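Going down the list, the protein sequences come from chains A and B.
With the working numbering as the guide, the letters of the first sequence map in order to residues 1 to 171.
With the working numbering as the guide, the letters of the second sequence map in order to residues 1 to 171.
Keep in mind the hints are simulated off the structure, nothing from the lab.
Possibly wrong hints are sitting among the right ones.
Said to hold, decoys possible - Label pairs and their computed distance ranges (CB to CB): (1) B:Thr9 x A:Pro127: 41 to 51 angstroms; (2) A:Asn48 x B:Pro14: 53 to 63 angstroms; (3) A:Glu113 x B:Gln15: 17 to 27 angstroms; (4) A:Glu113 x B:Trp143: 20 to 30 angstroms; (5) B:Trp143 x A:Leu95: 18 to 28 angstroms; (6) A:Asn48 x B:Thr4: 27 to 37 angstroms; (7) A:Thr9 x B:Phe45: 29 to 39 angstroms; (8) A:Leu41 x B:Lys112: 28 to 38 angstroms; (9) B:Asp130 x A:Ala11: 25 to 35 angstroms; (10) B:Trp143 x A:Gly150: 43 to 53 angstroms; (11) B:Leu140 x A:Asp130: 17 to 27 angstroms; (12) B:Pro14 x A:Phe139: 32 to 42 angstroms; (13) B:Thr36 x A:Phe45: 28 to 38 angstroms.
As the list claims (entries may be wrong) - To list a few chain B residues with every Cβ distance to chain A over 12 angstroms, as calculated: (14) Thr3; (15) Ala11; (16) Leu95.
What the hints assert, rightly or not - Derived DMTMM-like pairs (lysine to aspartate or glutamate); straight-line CA-CA distance at most 20 angstroms: (17) A:Lys112 x A:Asp59; (18) B:Lys104 x A:Glu151; (19) A:Lys99 x A:Asp57; (20) A:Lys112 x B:Glu151; (21) B:Lys99 x B:Asp59; (22) B:Lys112 x A:Glu151; (23) B:Lys99 x B:Asp130; (24) B:Lys99 x A:Glu76; (25) B:Lys104 x B:Asp123; (26) A:Lys104 x B:Asp59; (27) A:Lys99 x B:Glu151; (28) A:Lys104 x A:Asp59; (29) A:Lys99 x A:Glu138.
As the structure is a computational prediction, the values presented were derived from the model and not from experiment.
Idealized CB from N, CA, C, for every residue including glycine.
There are 2 protein chains.
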Amino acid sequence: MATTIRTATEADVPQILAFIRALATYERAPDAVSATEAGLLRDGFGPNPFYSCLIADHDGRPAGFALYFFNYSTWEGRPGIYLEDLFVQPEFRGLGIGKALLQKVAAVAVEKECRRLQWEVLDWNTPAIDFYRAMGAEFLDEWRNVRVSGEALQQLAGVAALVAEQAESAK
Amino acid sequence: MATTIRTATEADVPQILAFIRALATYERAPDAVSATEAGLLRDGFGPNPFYSCLIADHDGRPAGFALYFFNYSTWEGRPGIYLEDLFVQPEFRGLGIGKALLQKVAAVAVEKECRRLQWEVLDWNTPAIDFYRAMGAEFLDEWRNVRVSGEALQQLAGVAALVAEQAESAK
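Pulled out of the complex, with its shape left as it was, chain A reads as follows:
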């Protein structure tokens, strides 16, 4: 019974997508995933990848994953690591695999001279919150997360206005 943590390869993309979907279901958003294998392959395994991924295998079976990328702190004047996803399949829980993945990401952060490892947790996810607190994490509850997406993003970018203008001048 052994767990190994390794860097994901292109061959893991179908499994990564399966993990992403399983995590979204756990996060009560099963329909939120529009990612595709082609997109994950393009964005994670090209010359300038947008993310990195670790896979935990337990007795040779994929048990969980951690997906992260570099962010930047202007206060620190240093890159940091943002952990986008951390997930262990239900049947592999209680074996320390989540902790092993988190420790490995922390080790990458230290190796890259990052001073911060950051992520988000849903406020009702008490088991995860307790786990993170036990790992020495702090909760930055003074900061609210803000997002512009979809139509609002297009409008803010002025694209909607531009399209309307073009439609007008084409009349």
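Model the placement of chain B on the given structure of chain A, informed by the hints.
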């Protein structure tokens, strides 16, 4: 009286650091900035920069800045843009410069086929919150921000344990 938005160059680094410090002071954390000009130069203007920066000039004087980088959404299966800093000097407020900076970042997001532009705001910063809401932003208050840094990060990475082990074996 004209505002122009342009991409920052290496020559702007001292001004970028001045903006970062002014924003930290506004955010009631004047001593939080340990960034240096050398670090900002290294991380933003090398072959694989960790961040991008826009400068707003008003009548030829630096009035504000927006500093951002790419993040990654596993639900979207696409990179997004994370806006680390958005700031307009007090004497240039009320001229639409903050909106112009935010619009330009949104335009970059749309151009890069990102579906999300995301950032954080302090919960007491009501003027900013109102401004963002007017720009079509949503607030993701179900998500708590979590961070491991400093000593806790070292410990999680096992570096502290390793150092202790080395000290032990050196006895």
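(message) Please list, smallest to largest, the hint numbers that this structure does not respect.
(response) Violated hints: 2, 8, 9, 10, 17, 24, 25 and 26; rest satisfied.
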